[in-house]
Amino acid sequence: MKPLRRFFLVFAVACLLSVVLTAQAASCPFCEGSLSETLVLQIDSAQMVFFGHFEKARRTNTGLEQGESDFVIERVYKDHESVKGLKRITIPKYITDSKSKWLLFGEFYKGKFDANKGTQVTHDSEMIRYVEGIIKLKSKSQPERLRYAFDFLNSPELEVSMDAYREFHRADYRDYKEMARKLPPDTIAGWLQDPKTPSYRYGLYASLLGHCGKAPHAKLLMEMIEDPEKRRGSGLHGLMSAYMMLEPKKGWTYVKDLVQSADKPFLIRYAGLQTIRFIREYRLDLLNPKDEKAAQNEIVKGVAGIMKIPDMADFAIEDMRKWKRWEYCDQILGMFGQKGFSSSVIRKSILRYALQCDTPAARAFCKAQRLRDQEWFDEVRELLELESPSATTKK
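Just so we're aligned: the sequence shown equals residues 1 to 395 in the numbering used here.
If you are wondering where the hints come from, they were derived from the structure by calculation, not from laboratory data.
Just so it is clear, CB atoms sit at the ideal spot from N, CA and C, and this is done for glycine as well.
Each hint should be verified, as a subset may be incorrect.
Said to hold, decoys possible - Pairs of lysine to aspartate or glutamate, DMTMM-like flavour, derived with a Cα cap of 25 angstroms: (1) K136 to D151; (2) K87 to D97; (3) K230 to E247; (4) K250 to E298; (5) K78 to E132; (6) K367 to E327; (7) K93 to D79; (8) K256 to E327; (9) K214 to E132; (10) K87 to E74; (11) K264 to E318; (12) K136 to D194; (13) K93 to D114; (14) K182 to D44; (15) K84 to D44; (16) K182 to E247; (17) K136 to E126; (18) K177 to E223; (19) K182 to D194; (20) K140 to D114; (21) K249 to D194; (22) K140 to E159; (23) K293 to E223; (24) K177 to E318; (25) K322 to E292; (26) K136 to E281; (27) K264 to E292; (28) K110 to D151.
Said to hold, decoys possible - Listed next, with one range per pair, are the computed distances between beta-carbon atoms: (29) K322 to P228: 41 to 51 angstroms; (30) Q66 to S343: 55 to 65 angstroms; (31) R75 to S343: 34 to 44 angstroms; (32) S82 to K136: 24 to 34 angstroms; (33) H80 to A294: 52 to 62 angstroms; (34) S100 to K136: 20 to 30 angstroms; (35) K136 to E107: 32 to 42 angstroms; (36) S100 to E132: 17 to 27 angstroms; (37) S125 to D263: 49 to 59 angstroms; (38) K112 to P184: 44 to 54 angstroms; (39) R75 to N288: 46 to 56 angstroms; (40) T119 to Q142: 47 to 57 angstroms.
Please model the entire structure based on the sequences and the hints provided.
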């Protein structure tokens with residue numbers, strides 16, 4: 001293999017792994033946006049954490065800061081020997097606003113207090129209540145912390161509301177599955193109906209409602225799914241998954257038909273596929289509570305139907321490969337070069353499937369592709385081996 005091509009392959013895999021690891025770290029399957037540290041984690045990593053306000057801003061004309069201010073400590077959340085007992089600390093920042101409250105994070109650096117982060121607070125009582133409660137619960141179980149965070153998801157203090165969301169963002173679905181059954185459904189339904197609720201929260205809120213809601217809430221979820229404005233948001237698969245939780249039979253029929261409807265917008269159909277993947281990973285009981293294998297087979301049939309849709313066929317083929325569903329080998333290999341299925345991404349997905357499918361037909365297909373285009377064959381195979389070296393059949 002040429003060194004330059006090897007470099008680009010390794011680089012591509014590094015980028016892919018970065019995305020995969022990030023996705024794995026963001027455990028909640030319905031939370032959107034980049035993952036960031038919760039306040040508890042920030043407090044744990046900081047040397048000192050104080051709550052208070054600034055006063056006595058003054059110009060110094062020395063250095064780059066052009067001034068300094070006194071930070072009046074009202075509450076200590078994490079103390080340090082260097083400042084223990086002090087009521088105020090001088091900060092090399094010119095801050096004239098003495099009315100706003102701040103949550104200040106810092107460390108002892110070169111003999112001085114170094115404020116490396118400050119969070120401005122609008123509703124100080126709300127922030128104090130939240131921080132003090134979440135600190136007390138940091139050694140408790142994840143479901144207990146999430147139940148506490150739930151009460152602050154719609155907090156008037158933006159930073160509190162965001163941090164409560166981050167607590168769910170960092171949690172696995174299994175961490176809140178049982179806890180969510182006891183949540184107040186009408187409260188969550190109200191959040192979903194509130195025009196001020198950002199669309200990126202629809203998925204999480206819907207998934208919570210899916211555990212504690214009733215028939216009227218299922219109707220609300222379907223109305224949101226069918227609403228052209230609501231479904232433009234990023235939480236559509238959360239709405240669909242929640243609908244399936246409340247109406248398993250109707251929900252499965254809806255999602256299965258949706259993903260196989262070529263006339264539907266791509267993003268809507270892809271949200272349906274995300275829903276199917278979620279059900280396979282976490283909630284096979286919705287399809288068949290007594291027979292997990294039968295439920296898995298039902299999922300596979302649903303995804304197999306997607307292979308006839310050109311703009312989503314590669315997703316279905318990749319799922320079949322990852323799930324080791326080799327019974328579809330002849331159908332998948334037969335798609336190679338067919339009209340509508342000749343794009344490079346589909347051809348690659350077919351070869352990737354064949355490379356891991358250890359059947360005579362797959363081996364013959366790989367041999368033919370190696371003879372047809374050795375460089376392309378090697379590139380696809382080597383990239384797949386870098387992704388999953390233990391699973392690739394040597395061909």
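Does K250 pair with E298 here, judged by a C-alpha cut-off of 25 angstroms? holds (15 angstroms)
Just tell me: holds or violated, for the beta carbon distance of Q66 and S343 against 55 to 65 angstroms? holds (58 angstroms)
Next pair to validate is K214 with E132; report whether the Cα-Cα distance is within 25 angstroms. At roughly 34 angstroms apart (the allowed maximum being 25 angstroms), E132 and K214 break the hint.
Given pair status - E318, K264, alpha carbons within 25 angstroms: Answer holds: K264 to E318 is near 21 angstroms, not above 25 angstroms.
Could you grab the alpha-carbon distance between K182 and E247 and see if it respects the 25 angstroms cut-off? holds (18 angstroms)
Does the alpha-carbon distance linking K93 and D114 stay inside the 25 angstroms limit? Roughly 11 angstroms between the alpha carbons, so the hint for K93 and D114 holds.
For K136 and E281, compute the direct alpha-carbon distance and say whether it is at most 25 angstroms. Violated, at roughly 33 angstroms.
May I ask you to test the hint 17 to 27 angstroms on the CB atoms belonging to S100 and E132? holds (20 angstroms)
41 to 51 angstroms was suggested as the range; check whether the CB atoms of K322 and P228 agree with it. violated (33 angstroms)
Against the 25 angstroms threshold, does the CA-CA distance of K93 and D79 hold or violate the hint? Given pair K93, D79 holds - Cα atoms ~21 angstroms apart, limit 25 angstroms.
Given the hint of 46 to 56 angstroms, check if R75 and N288 actually sit that far apart at their C-beta atoms. Given about 53 angstroms between the Cβ atoms, the range holds.
Range agreement (Cβ of A294 with Cβ of H80, hint 52 to 62 angstroms): holds (59 angstroms)
Checked against the numbered hints given earlier, this structure breaks hints 9, 12, 14, 20, 21, 23, 24, 26, 27, 28, 29, 31, 35, 40; the rest are met.
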